[in-house]
Amino acid sequence: MQTEEGKSLVIDRLDKQFSVASDVVQALSEVSLVARPGEFISIVGASGCGKSTLLRIVAGLETATAGEVRLGERPIRNPGLERGMVFQEARLLPWMTVWDNIAFGCRAETPNAERRELVEQHLELVGLKGFEKAYPHQLSGGMQQRVSIARALMNRPEVLLLDEPFGALDAMTRITMQQEVLRIWETERTTMILVTHDIDEAIYLGDRVVVMSSRPGTIRRVVPVPLPRPRDRSAYEFVQIRKEIYAEFFEDVQRPFAYAI
Amino acid sequence: MAEIELEYLGTTAAAAPPKPLGPKRARRLGFSYLLPLVIPLVLLVLWELLSRRGLVRPTILPAPSAIGATARELVASGELIHHLLVSLWRVTKGVTLGAGFGLVAGLVVGLNPWAERAVSLITGVLRPIPIIAWVPVLILWMGIDEGSKITVIAIGSFWPVLLNVVHGIRNTDRKILEVAKVFQKSRATLLFKVVLPAALPSIFTGMRIGIGIAWMSVVGAELIAASAGVGYLIMYARELSQADVMLVGVVSIGVTGLAIDFLIRRLERRLLRWNANLQ
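So the sequence lines, in the order shown, correspond to chains C and P. Yeah, the first sequence ends on 261 if you go by the UniProt record's numbering, and it's all consecutive. Yeah, the second sequence ends on 279 if you go by the UniProt record's numbering, and it's all consecutive.
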């Protein structure tokens, strides 16, 4: 499929401070990152390292204290339809069916016929055909998250932001969903930014893995993952990268001996 | 997508396909329907026995069989139905007014924090006033006709609707509001597709309480001044010392209240099919 030239997402020296009671907490400090169009970037970090805050600033749900985020040339200050967002909880509207929830992602001005077609298309994309009349409470966690992904993709966003989208799912479902996201990314070629605390997930999906450290949240390292997809989680190269990233988190821990069976 | 289907069935198997009615399950179901009848039946039998032994004076408390006979008579003559309908019609008009205003006021107050602040003092003073206290005042202002009774009912149903609408709007899940923000929804969409549906369970609670109070208020107003209605029936029977008629009136209030509540619950379950808590 021929796609037009997309825009890079530029995160430029972001600072974010929160005031908690009388204290000022530095959540992000000097965070800079460029996501090329169509790139898949994983951000890993311990909880509280500001990775979700970073994503929420990119989504336009929070404002940075200093620095800016640009999509192409345009600075981002508010939420916009060119950026889709998938939250950790599916956040579906419980009073709407699967169909209406996906349609909720649509622009208001979309004509009905086109809207129907788009919903059909996205139902198929996330593998939920036949469930359009179900209500969210009738779905499993994984299926709810599929609906949420379909909804986020309805406007063909240039960037899809995924905030620990599989954090609440069981290990089996999580792996299935990772494969699904990979498949969707390969068909849609959307720039994706995934925040996660699961190192394996980050390596399995990302072109690059951004490792963040806590308080203040800074980018510690960016690890490229030059492996062909689909990736084998137990392959030697995969394990090497995992080890490298582990080392970033648990520096003080004595490095284990080389992986050997 | 076999694994998805499995996933789906796995989570809903308990709710979706109705289990075949085995003898054991049927017995349990029958039992759960009959259980609420046990205590009233025991009490009725006891009461009847005491009356037949002459231990209870029939002028104070007639036997259940005598009350039943009077009820049949009053139903056959159409008298009871007439009074019930008069009261119900007043409730309908009063609730439409009171709940209508309550809904509108609740929306205004719920959506504008400054509006809540502005009316906080006046609502704080007016709300605790028992509805019955309004009856003489309203009779003075509006005369003894329908107007004062309907206003009493309206006041009674106004407060619970108002409070529950505000509560429902305030409790809209912030996470879902954030979703609406991400998708850049207009204020109208936000109101009709997100805030109002989220508040609907609370609005229903308000309606149920409001209608309950309205039904109580109408009888109260009729006891004080009326020429028709269940309250009037009871008051008039007291003047004639007809204990049986009084009790028929009193019980019919309870039965009608139960029927109204049942109907609202059915409506609620239909409209709130998405609410897992109601299934």
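The hints are simulated quantities; they were obtained by calculation from the structure and are not laboratory data. Note that the structure is predicted; figures quoted are calculated from it, not measured. Built from N, CA and C at the ideal position, the CB exists for glycine as well. Be aware that one or more of the hints could be misleading.
[Claimed, not checked] Sample of chain C residues facing chain P (criterion: CB under 10 Å; computed from the structure):
#1 G60
#2 T63
#3 T65
#4 F104
[Claimed, not checked] Here are some chain P residues the structure puts well away from chain C; computed CB gaps all over 12 Å:
#5 I60
#6 A105
#7 P197
#8 S241
#9 G257
#10 D261
To see whether the hints hold, each was checked on the structure:
1. With a cut of 10 Å, the hint placing G60(C) at the interface with chain P holds, because the nearest CB-to-CB distance is about 8 Å.
2. The beta carbon of T63(C) comes no nearer than 13 Å to any beta carbon in chain P, farther than 10 Å, and the hint placing it at the interface is violated.
3. This hint is violated: T65(C) has a C-beta 20 Å from the nearest C-beta of chain P, more than the 10 Å allowed.
4. Restraint check, F104(C) versus chain P: the minimum CB separation of about 7 Å is within 10 Å; hint holds.
5. No beta-carbon of chain C comes within 12 Å of the beta-carbon of I60(P); the shortest separation is about 53 Å.
6. The claim that A105(P) lies off the interface holds: its Cβ sits roughly 24 Å from the closest Cβ of chain C, which is beyond the 12 Å cut-off.
7. Non-interface call for P197(P) relative to chain C: violated, since the shortest CB-CB distance, roughly 4 Å, does not exceed 12 Å.
8. Residue-level check passed: S241(P) sits 55 Å from the nearest beta carbon of chain C, beyond 12 Å.
9. At roughly 29 Å, the least C-beta separation between G257(P) and chain C is larger than 12 Å, which holds for a residue marked as non-interface.
10. Every CB of chain C lies more than 12 Å from the CB of D261(P), the least distance being 23 Å, so the non-interface label holds.
The structure is inconsistent with the numbered hints 2, 3 and 7, although it conforms to all the rest.
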